[in-house]
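Asker: What follows is the residue order along each chain.
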Amino acid sequence: MMDLFLAYEATVDHILVYALLAMSQYIVMRGGTFSVGTAGFAAIGGYGTAILITRAGWPPAAAIAAGTIIAMAVSAVMALPLSRLRGVFQAVATMAFVQVLVTVILNWDSLTRGALGISGIPKVVTTGWLLLIVAVVVVFLHVLGRFSIGKAMDVIREDETVAVSLGIRVIPHQALSLVISGALGGLGGAMFACNSYAITAEDFGFGMLNNALAMTVLGGRKSVWGPLIGAVVLVILPEVFRPFAEYRYVFQGALLMLVIIYLPNGVADTLFAAIRERRVRSSTSAAAARTS
Amino acid sequence: MLTQQLFNGVVIGSVYALFALGFTLLFGVNHILNMAFGSVFMWGAFAGLYAVTVLDLPFWLALIAGMLGGGIVSCLVDLVAFMPLRRRQAPDFSGIVSSIGANLILLMIAQKVSNTQIMRFPFDTFPIVIFQVFGLRIQLLQLIIIGTALLMVVVLVSLLYRTGLGRRIRSVAFSEGTSKLLGINSSLVNAQVFFLSGAMAGAAGVLIGLTFNSVHYLMGEPFLMQAFAVIILGGLGSIPGALLAGLLIGLVQAMSFAYISSAAADAITFAVLFLIILVRPTGLFGKASTILRVQRR
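Chains as they are written, first to last, in this note's numbering: chain A, 488 to 779; chain B, 893 to 1189.
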């Protein structure tokens, strides 16, 4: 059992790091904001942590906390103007944000060592720590979803006009979800940096943006299990299809299209809705049997 | 030196405008961001290149082959990625996600077809003619690019505002449901719009592939990001806006390329894009009526 775990440790770590990023993507989309800034927040968190550890000699825990807080601060600055935009424009603005960050990182040689990336980061984040952190975040998001904030976010996502007519204030809710997304993205980036010895700007570019988005779409945007399932599936799938490694992007692209067309709510949410419907139906039919 | 840089800026700007026109047409009519547009452009360039290398056709036929290729791929993308969503009236973001999926597939097929190689047009595809005017070095191909960009804008604007097809396209852009009630075959109009935008992308692909003398499977991706900047700066779906914004961005890039650094050019473009969209998301030429679609108050 232990051997089996060790053989797959890298994969498990990968899943857990991406679970954080997918949850960062999930929380904005739950509130109906179409931000794809997760990769940018991860870049800030990752580079912030790596620079503080390797250059300033901070202890890793403090550096991770600082990286997360910097990413959160950046997302807080972006939150208000971004929540005034609508769908597609939020996506374009955040895409531009990611591009600006990657370009700056690639060219600010004195701070980020440009295209070389930062290496020699101690691997302080082990699988156990990752598991603990992901568990805490899942509980936090789950609890958040149970309260009125989560319900309000659901209404905003499904229909903004209805949300406004119910007296739900759209902009603060979306700003809040973006700030949480920034913190989670920064945390995910910091974990990524402290788990992989070295980081380069390309790690945080369009590929990461794409993956986090694909995981959330695949899993679902309502329940917190959605991004987790998405992360597990999309990390394991290329491993399973390794003989067809050349075609993995074809698989991923086709999967993305099929899910968004035929399961627009994602695997997890569709599944939960089906289970709930079944339970309701069986209880109503039982009630009907009793009355007749 | 300065005039040469200004001229280079105009050429780069026309290249961006060439790419962005089809993109902004789709954005204006269907309100979708087609993330697979870079691939459509690339497939257009591939079609033109293979027309020259495999079928040994002259340049102008290759241009038409590129337009056909781009148009067909664009229609396929519509069929697979957008039409099912349009039927369901899915939210905006679904189209972005499904076209990212389509883009991945198109890119990987192109990588397989081209063996990840950078391909070139044969040396004599297009004659190299250089004019010397007032100390400027001007290539014939550069003039053709500027001319094509201008021509496309004129043709597209007159198509949209002077013909029956244009009226149908504009009514579908205004409201698909209403135009259906008026007896317009909206799926045909959508297919025509996709073909038109793909054909423009294909022509841009052949011309740009010829200018930079490299055709490869990732050639569309950097242009896609620039096109975002162009259409946002130019205003939602505005066609003259796309041309002007393309020229503006081209000039800014040429200047920062010459006088600051090559890295600054991209950073400045994206930073400007980011700020414009936060401060004035309707762009320079957006109309007041589009604000509702862009921004909430």
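Keep in mind that a hint or two might mislead.
What the hints assert, rightly or not - Among the chain A residues that face chain B by a calculated CB cut under 10 Å, a handful are:
1) G519
2) F521
3) W545
4) M565
5) L593
6) N594
7) L598
8) V623
Read the hints as simulated data drawn from the structure, not as lab findings. This structure is a prediction, so every number in the text was calculated from the model and none was measured. From the three backbone atoms N, C-alpha and C, an ideal C-beta is built for every residue, glycine too.
Asker: Of the numbered hints stated earlier in the document, which are not met by this structure?
Answerer: 3, 7 and 8
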